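In case you want the letters, here they are:
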Amino acid sequence: MAAFVIAILIAAVRFWQIAILAQLLTSYVEFIRNTPLIVQLFFFAFGLPALFSYVWPFWCHALLALTVNFSGYFSAMLYSGFLKTPHGQIEAAKSIGLRKWIIFRKVILPQTLRSMYPSLCSQFIFVFLTTGVISEIGVVDLTHSGLYIDSRTFRSFEVFIVLTVLYVFLALLFRAVLHLIFSKKLNLGN
Amino acid sequence: MQEISAALFGKPEGIIVWQLIAATRFTIYLSLIAFFGGGVVAAFICFARISPSGLAKRVAASYIWIFQSIPLLMILFLAGLGVPRFLGINVDPWTAAALSLTIFTSAYLAEVWRGAFHAVPSGQWEGGAALGLSFIKIFFIIILPQAYRYALGPTVGFLVQIIKGTSLAYIIGFQDLMLLGKRWANSPIPGSEPYLIFPLMALIYFALCFPLSKIATVLEKKHSL
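For the protein sequence lines, the chains are A and B, in the order given.
The first sequence finishes on residue 190 if you use my numbering, and the numbering steps up by one all the way, no holes.
The second sequence finishes on residue 225 if you use my numbering, and the numbering steps up by one all the way, no holes.
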């Protein structure tokens with residue numbers, strides 16, 4: 001969720017082309033999207049704490065890394081969605097004297113969300129499926145508990161099959177929930 | 001080469017930089033294997049998916065659905081640890097990583113290509129059928145030459161996902177950029193602190209992926225619908 005808000009902000013800055021900030025954020029997004037999540041994760045979990053010598057629980061590092069990662073992906077999608085908004089609508093909104101922020105919130109964002117939500121959903125599922133890697137820094141997530149059971153019992157095949165089924169089930173669940181949320185929200189928008 | 005790099009960046013750093021770049025080789029090999037292997041499998045799956053046979057269609061659709069819903073991590077664990085232990089055989093990391101990434105790639109590429117075939121207007125199929133051509137003939141003479149242009153951009157774009165995906169193969173002991181970088185970051189040698197190594201690795205991955213995503217964007221624009 002945090003990632004989503006950040007993503008909207010980043011995409012907004014890029015859309016209005018706010019001088020240097022937009023260029024910086026564009027390179028940020030490109031960088032996030034073109035490096036593996038696991039490298040980012042290790043950097044946030046081991047690199048930064050070593051540099052600034054602070055200690056956080058594992059899940060905080062994971063949360064930070066995932067937020068950064070998700071925001072990169074989402075903002076890239078939203079940005080391309082914003083660009084598809086017909087220009088006439090923005091001009092119309094400007095001509096009736098709306099401020100940029102209002103135009104963005106009331107005119108551009110709802111339309112973009114409506115047209116982009118299938119791809120946002122599938123992107124979310126894709127990213128969700130990659131979150132298993134956070135077990136690598138010691139966060140006790142589904143994958144981690146699976147590995148734990150595996151190392152105790154040595155029954156890898158059974159453990160991984162069960163994990164796989166669970167992931168598939170969760171992916172289905174998320175797909176259904178997202179669909180529900182979006183269809184509700186979008187109907188209210190009408 | 002290692003000496004040149006060491007002379008350029010100083011003693012520990014130069015060696016690390018060079019070793020990381022040398023390990024990137026395996027990342028690239030694995031990506032290429034996955035891309036071509038996955039491409040071949042995906043071609044069959046995609047062909048089955050759009051074929052007129054109902055059974056083939058359903059089998060292909062479920063293949064795509066299943067392997068798109070399973071995380072790559074799980075495919076890797078299953079191929080590298082689960083299945084070998086279950087069958088009591090030894091599979092080396094190369095085979096397991098190549099196999100998993102091939103499966104992963106094939107499921108996604110098949111879907112991408114199916115989309116490309118769908119983008120070809122159905123009138124083209126009907127026109128071909130009206131001329132009395134068989135399914136195979138329509139497919140290869142009429143549809144394929146049109147569809148490949150739609151598929152080109154997303155396919156190159158997916159190559160980026162494959163390269164990023166190979167970074168997970170270190171989990172089953174595949175010696176690539178990721179494993180080596182992690183090993184260096186864990187070592188107590190000064191000059192190999194994690195906050196230097198991981199950005200460096202990110203840069204190498206970026207250098208691999210960024211040109212590809214740019215090419216993909218250009219191709220997509222060029223052949224957009």
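Keep in mind the hints are simulated off the structure, nothing from the lab.
Incorrect hints may appear among the rest.
[Stated by the list, open to error] Calculated lysine-lysine pairs in the DSS-like style (CA-CA distance at most 25 Å, straight line):
| id | chain 1 | residue 1 | chain 2 | residue 2 |
| --- | --- | --- | --- | --- |
| 1 | A | K84 | A | K94 |
| 2 | B | K182 | A | K84 |
| 3 | A | K106 | A | K84 |
| 4 | A | K84 | B | K57 |
| 5 | A | K84 | B | K137 |
Quick caveat: nothing in here was measured; it's all calculated off a predicted structure.
Results of checking the hints against the structure:
no.	hint	result
1	K84/A - K94/A	holds, 17 Å
2	K182/B - K84/A	violated, 42 Å
3	K106/A - K84/A	holds, 16 Å
4	K84/A - K57/B	violated, 34 Å
5	K84/A - K137/B	violated, 38 Å
Going through the hint list in order, the structure does not satisfy hints 2, 4 and 5.
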